[in-house]
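Protein chains in written order, with the numbering used here: chain A, 1 to 260; chain B, 1 to 324.
A portion of the hints provided could be inaccurate.
Dumping the calculated DSBU-like pairs for lysine-lysine here, alpha-carbon to alpha-carbon at most 35 Å [what the hints assert, rightly or not]:
#1 A:Lys81 / B:Lys201
#2 A:Lys127 / B:Lys6
#3 A:Lys127 / A:Lys59
#4 A:Lys127 / B:Lys292
#5 A:Lys59 / B:Lys306
#6 B:Lys6 / A:Lys131
#7 B:Lys6 / A:Lys128
#8 B:Lys201 / A:Lys12
Using C-beta positions, here's what the derived DEER-type ranges look like [said to hold, decoys possible]:
#9 B:Leu165 / A:Gly29: 28 to 38 Å
#10 A:Asp28 / B:Ala13: 54 to 64 Å
#11 A:Lys200 / B:Ile14: 42 to 52 Å
#12 B:Leu92 / A:Lys75: 36 to 46 Å
#13 A:Tyr126 / B:Leu84: 37 to 47 Å
#14 A:Glu242 / B:Arg4: 57 to 67 Å
#15 A:Lys196 / B:Arg299: 33 to 43 Å
#16 B:Leu92 / A:Thr7: 51 to 61 Å
Because the hints were derived from the structure by calculation, they are not lab data. Think of the CB as a built atom: it goes at the ideal place given N, C-alpha and C, for glycine as much as any other residue.
Residues per chain, in single letters:
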Amino acid sequence: MALLTVTNLSKKFGGLDAVSNVDMHVDDGELVALIGPNGAGKTTLFNMLTGVIPPTSGKITLTTATGTISLLGHKPYQVAKLGLARTFQNIRLFANLSVRDNLLAAMTHRYTENFFAEIFRLPAYYKKEAKVGAWTDALLREFDLTDVADYDAGNLPYGTQRRVEIARATATSPRIIFLDEPAAGMNPEETAALMKLIGKLRTDFQLTVVLIEHDMSLVMNIAERIYVLNQGKLIAEGTPNEIQKDQAVVDSYLGGGVHA
Amino acid sequence: MAARWKAALVWLAIAVAGFYLINELIVVGVINSFIENMLVTIGINIILATGLNLIIGFSGQFSLGHAGFMALGAYATAIITQYLGNALGFYLSMAVGVVIAMVVAVIIGIPTLRLRGDYLAIATMGASEIIRVVLNNLKITNGAAGMYNIPALANWPTVYVLVCLTTLMIVNFARSRAGRAIQAIREDDIAAEAVGINPTKWKLAAFVMGAATAAVAGSLHAVYIQTIAPSDFGIMNSISILIIVVLGGVGSITGTFVAATVLGVLDTVLQSFGTLRMVIYALALILIMVFKPSGLLGRYEVSIRKLFEKKGVRHGTADSHESE
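Generate the whole structure from the sequences, applying the supplied hints.
Written out as structure tokens, the structure reads:
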């Protein structure tokens, strides 16, 4: 079943066709990778899918329990509420907030608090806080962040910050998580840990994962299906095996001697 | 007993002790009417500056129009107490002022909070000037001459209680779901939006909350000083509130308390220096900004609950995961 369907999506920046006529679909529970050379339009595509920039033309639809809805015209926070979470190519954490508060801030749309209960600390407030606190503790444990929960997120090592960002995206209780180059700047050890973490997102959190990545060993190892973008156009789609043999992809991106 | 109850009790004890201390000192005669006046001014400044700190320090929106909202509260009280010159009239007028300030904050906030940094500062400054000019030209506000003979309906205990109340509300607001949302927007609005936080809504919430407390301070100012004029609520007044926030530490309510007190005392002590006063005052500000650019306390907050919890953890009794 297609969870997310993209039809004929285009984005023009002035005279530049950043993304042109892209058709893709993401099925429920799938792990899809989006690859391509720098400037191919991968992040632009992500930004359109998560509502950050409006497409010039085309359609994006999401299948929900109540039916199929168009994501066009939704603001990023509305898209997030619909269950599409993301991380950023350049990490964007709430740097001066603790890791715990980073996760708590990402949960604000999952519960409500009465204003008067908040400012006068009525019992209802403590009940809500206990519930949300339990969600946070569970998430901290899942992502192995309990030890750093009270540190400011901005002071953590790079690899941990990546993990916090993925945890924060998961805290929004999404159905699809978009990871924009999660392995960028990681050493092989960290990349291996990341691979395990992405596996966990799928098995433990039942998330559908869409991944932009340049680390081909990671992509070829974990992706079920790959879309290849080049100069804004989709040039190939298929399983890792098919993509590695695709002449157009080899010519424009992978190059001659890559055997992942 | 849960740490939160202990902490609440300690804070209550501190508030009550502070009240009795001031009361006793007045009875003994250590605090004369001159010092009492200073304390009330400090109290009003604390109310103003904690509200502004919520807007600037927690939601990260640089607002320069706080005196405008204060004016709305002051004028609501001045006008209503003319007809209803008793305590009931005062509290009613305070409520009216708060509601007016909140409505005006929404009207100003929706278009201006789209702006960032300097642009927002200029827009809010302009909005506050509009409020001042309107007050300057209305008949009901008695134009530029202002309003006088406002009944003296507040004394220092009133101010003291309201300082405690507004601070409690703002601190609790900042440490709840709302506070986490507005702090996330301050840290990174794009990331905040990506996790489902509606930036317009929460920025506006902080702005309106700050405006409401400014109106409370305005009401107190009106009945304590008993004379108000539009010129009391100009840009310089907004800036002097901003100075308290910046000096104490943007994002630290404790810092706001310290800065309001330090500046209030400094202002009073220096009165004997005549014209040299402003020079010393300015020098003190410059020195603090040079040696402590994040303000006296940075983002530090005094937390009695943390104190209890730390002790608890050391003895292995409290579950640290229950914190926040």
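Here is what the structure says about each hint:
A distance of roughly 15 Å separates the Cα atoms of lysine 81 of chain A and lysine 201 of chain B; the hinted pair therefore holds under the 35 Å criterion. For a cut-off of 35 Å, the pair hint linking lysine 127 of chain A to lysine 6 of chain B stands: about 18 Å separates their Cα positions. The hinted pair formed by lysine 127 of chain A and lysine 59 of chain A fails the criterion: a straight-line CA distance of about 42 Å is larger than 35 Å. Under the criterion of a C-alpha separation no larger than 35 Å, the hint pairing lysine 127 of chain A with lysine 292 of chain B is inconsistent with the structure, at around 40 Å.
Between lysine 59 of chain A and lysine 306 of chain B, the direct Cα distance comes to roughly 51 Å. Violation of the 35 Å bound is thereby established for this hinted pair. Our distance criterion of 35 Å between C-alpha atoms is met by lysine 6 of chain B and lysine 131 of chain A, whose separation comes to about 22 Å. Taking the CA atoms of lysine 6 of chain B and lysine 128 of chain A, the gap is about 20 Å. The hint holds against a cut of 35 Å. At most 35 Å may separate the alpha-carbon atoms for a hinted pair to count; lysine 201 of chain B and lysine 12 of chain A meet this at roughly 30 Å.
In this structure the supplied range 28 to 38 Å is violated for leucine 165 of chain B paired with glycine 29 of chain A, their Cβ-Cβ distance being about 52 Å. Look at aspartate 28 of chain A against alanine 13 of chain B: about 57 Å separates their beta carbons, and that is inside 54 to 64 Å. Restraint check, lysine 200 of chain A to isoleucine 14 of chain B: a C-beta distance of roughly 47 Å satisfies the suggested window 42 to 52 Å. At roughly 40 Å, the beta carbons of leucine 92 of chain B and lysine 75 of chain A sit within the given window of 36 to 46 Å.
Look at tyrosine 126 of chain A against leucine 84 of chain B: about 39 Å separates their beta carbons, and that is inside 37 to 47 Å. Against the hinted window of 57 to 67 Å, the Cβ-Cβ separation of glutamate 242 of chain A and arginine 4 of chain B comes to about 59 Å, which satisfies the hint. Hint check: lysine 196 of chain A to arginine 299 of chain B, Cβ distance near 36 Å, so the stated range 33 to 43 Å holds. In this structure, leucine 92 of chain B and threonine 7 of chain A meet the distance hint of 51 to 61 Å, their C-beta atoms being roughly 60 Å apart.
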